[in-house]
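Position chain B relative to chain A; hints supplied.
What follows is each chain in one-letter form.
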Amino acid sequence: MIKRDPKYEAEDTSHPVEEAVRRDVVGWQQSQERVLRYLKAIGVPPLQSLEIAHDTMKLAVIEAAGKRGLREHPTRVAMRLLGPVLAQTDLSSQALERSEPSGLTPQLGQAMPVIPALHRSSMLPDIKPARLFKSLIAFLVSRKISSGQNRPIV
Amino acid sequence: MNKEGYNQRWEKTANRRRLLLLVLIGITALVASGYMAMALPYGGTTALETAIVIFFALLFGWISIGFWTSLLGFLMLLRNKDLWQPTRHLKMKPLSGSAMPATAILMPIHNEEVAEVFQRVVAIIRSLRETGRMDAFHFFVLSDSTDPDLWVEEELAWEAACRQTQASGALFYRHRRPNIKRKSGNIADFCRRWGRSYKYMVVLDADSVMSGKTLVRMVQIMEHDGSIGILQTVPVLTGKSSLLARLQQFSAQMYGPIFAAGLFYWQLGDAQYWGHNAIIRIEPFMKHCALHRLSGSPPLGGDILSHDFVEAAIMRRSGWGVWLAYDLDGSYELPPPTLIEELMRDRRWCQGNLQHLRLLFTRGLFPAHRYLFLNGAMSYISALLWLIFLTLSTIEALAMALFEPDYFPKEGSLFPDWQVWNPEWMVVLLVFTLIILFVPKLLSLILALVVRRRAGGFGGWHKAVFSLIGEVLFSTLLAPLRMLAHSRFVIVTLLGGQIGWNPAIRADRGTTWRQAFRFHGGGMMMAMIWGGLVFAINRDFFWWLVPVLGPLALSAPISYWVSRPRAGRHKRFFMTPTEMHAPRELLMAQEPFASQKRIALLDTFADLKGFKRAVVDPWANCLHRSIRPKPDQRLSTGIVQRLDRLVRKAVVSGPQRLSVTEKKQLLSHPFVLERLHQEVWALPDSELTREWGVSD
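Respectively, the protein sequence lines represent chains A and B. In this text, residue positions in the first sequence follow numbering that gives the first Met the number 0: the first is 0, and each later residue adds one. In this text, residue positions in the second sequence follow numbering that gives the first Met the number 0: the first is 0, and each later residue adds one.
With the rest of the complex left out, here is chain A:
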């Protein structure tokens, strides 16, 4: 549910960007906090976070202004646009506080092998266990088997 600030509801404004912000001030504040939180979560340093958030919010407001009738929540717009902004920003692993190898792309599996290369072969059962009484009878009536390798399989 989009919250609207009633103060700005009735005001007439000619600038579409300002109007988009006035329409849902709380929503835009939340979206800004969300973007900053996400940037903190991926370990972007605070100053760089502010820059990225600023770029993202600017783009989000412009987009919202252009789609006045669509009523998409600012958080959704901002988070959707954060991805492309991050993709354009140079976020080398050194820049990230969390010191993980990569930011948001799933490339860890290549940098840090989770399993080695497969070297497949089969492993099939050698002995099929017979039922107890059947094996007992076979055991009692069979001849003595010599010890050593590869004893016969039941």
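Don't read these hints as lab results, they were simulated from the structure. Errors might be hidden in some of the hints.
As the list claims (entries may be wrong) - Derived pair list, reagent style BS3-like, types lysine-lysine, alpha-carbon separation capped at 30 Å: (1) B:Lys180 - B:Lys663; (2) B:Lys286 - A:Lys133; (3) A:Lys39 - B:Lys663; (4) B:Lys198 - B:Lys286; (5) B:Lys286 - B:Lys180; (6) B:Lys212 - B:Lys80; (7) A:Lys66 - B:Lys648; (8) B:Lys648 - B:Lys608; (9) B:Lys663 - B:Lys608; (10) B:Lys180 - A:Lys133; (11) B:Lys608 - A:Lys39; (12) A:Lys39 - B:Lys648.
Values in this document were obtained by computation on a predicted structure and should not be read as measured data.
Frame of chain A; chain B shown alone:
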């Protein structure tokens, strides 16, 4: 000498030693049951008394196996050498130098405490690194965890362990979704995928710790002796603080050496494989040791639960030796922290060991392994035999008190048939039994304090002696509780009751009163009724039953008390060498794991665990997606639609409404998890976002 010739030589020695053991056990059981027959009123001639004597002979034979094994082990350790010792060639061999074949260390886990498991993994890797031979080893954590939260935590811990030990490329993690054949299936799955890349594998348990030096030594033994298929170490129990755990740690470290040496004395190359802390030659293991399901349904059919004994028997049957490296140290495991947890483990083992009876007559197995199957089953059946023996004795005592003796059972007899209890014979028998039970403990004390001069490891002479007396008292107190539980397990298993695959609880959390009464309540009632009846009818016999019925009547308080973590914290008694002079690898295994430190530093998602963390934390989400294998083929439209509905449900209803299966489905598809991550982060602030953890 070729493998066949070598096997024939040790087989001859083993046969001689086993014959000696058999004769000693037979004589002991025969003499004791003779005394028993003489002590009974009718001299063992009635049907009831004959049954009593038979059960007594079986039980006495059973306990004398332990006695003679320990005595022979003691004598062997006094000599301090054996021609067949697998470690005999290692005395002067350096750890470094010769080339080492590729060896995999496997740690199969199933819904375990993640941080503790990875603490041990890190400790083993660090210990291996100190030997300078880490390059020859690869470490695999093979997860069968079914809990989605633990699955994610394991991945995060694996990554943290890789960074902490700088073992990326040597420490691997695999999560298996269908848990076919449990642990044995997990190992077999490893063998099928990567077995050909390695010559040996060291199989661990989730609670195992091994020193790097021991791991290297094991590979060297395998390399030196090409006839060994499995080399089993003797894991030392250590690391827990409840009274029960400390008792077990003390007895394992005090009595374990002579018992292990005794086992080695008569088993030689026909030893047991205990399923962990052992090294296995992979090629013959893959060729011969895959296990069939047993026909029929569980508990006695289906998957073989105690696969280790069977694998050892098959390995031996294929011509490879299975040896116990009784003198190789640096191998550790945790004891169960509570009595109930110990008994639940025994419940699983009981089912597994009773299954082995079905394999008893499988053709081609060596007699020693047939005996080991029987021995494993007898570990539990003996409890039932003891219970039956006590019941029969009670019936006899009650019959003597209730019914008039028949002095002329045979018609026309001129002489009366006097029925006389011979309590003096009973006392002799009691002394005889005490010798059989407690002399091995005394020999262990002599070995530790006098021969090896290791009193310091047990806290000094006085503490060692008092601890031994305390251990004897506690084991006497706990024996009836174990007897009754094991008897119940045998009966339930034979009647078709089965047990699931519940994870072992290893944390020192103690037992609640409720749990204690729920588990032991039936036994307490039975003991009180039994005791009351005997007390009312035959008071003399009642006092003979007190050592058994007394602890049973107090089962719940005893169980609660010995399982309390605090009860073991008074470290004046039951001290052990691993506690007094903790080996480096154990100290390392107690250090806090790196991921715990990291979580403390990064407070953003400190409260998020498992599945929620994989959805919300961008980094955890990314890690999970990169670990999951990419799908081989495109998913069908139906599956995609179902996953779409699941994402919608997660976004609209929140994580609490998702079932375990739904969470696992979401985690299983990287693209779905990525979408869910984006959707959750794009949610407007609400109760739902607070539930997910993306807003305050």
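Lys663 (chain B) paired with Lys608 (chain B) [C-alpha distance capped at 30 Å]: 15 Å, holds
Agreement of Lys39 (chain A) and Lys648 (chain B) with the hint, judged by alpha carbon distance not exceeding 30 Å: This hinted pair holds, its Cα atoms lying about 28 Å apart.
Given hint Lys663 (chain B) paired with Lys39 (chain A) - CA-CA distance at most 30 Å: At roughly 28 Å apart (the allowed maximum being 30 Å), Lys663 (chain B) and Lys39 (chain A) satisfy the hint.
Straight-line alpha-carbon gap Lys286 (chain B) to Lys180 (chain B), limit 30 Å: 18 Å, holds
Straight-line alpha-carbon gap Lys286 (chain B) to Lys133 (chain A), limit 30 Å: Measuring from Cα to Cα gives roughly 25 Å; hence the hint holds.
Satisfaction of hint between Lys608 (chain B) and Lys648 (chain B), Cα-Cα up to 30 Å: 20 Å, holds
Given pair status - Lys133 (chain A), Lys180 (chain B), alpha carbons within 30 Å: 25 Å, holds
Pairwise hint evaluation, Lys648 (chain B) against Lys66 (chain A), where the allowed Cα distance is 30 Å at most: Distance of about 28 Å is within 30 Å: holds.
Proposed proximity, Lys663 (chain B) with Lys180 (chain B) (alpha carbon, max 30 Å): 20 Å, holds
30 Å limit on alpha-carbon distance, applied to hinted pair Lys212 (chain B) and Lys80 (chain B): 21 Å, holds
Straight-line alpha-carbon gap Lys608 (chain B) to Lys39 (chain A), limit 30 Å: Within the cut-off at roughly 18 Å; holds.
Pairwise hint evaluation, Lys286 (chain B) against Lys198 (chain B), where the allowed Cα distance is 30 Å at most: 13 Å, holds
Hint check: no violations occur; every hint is consistent with the structure.
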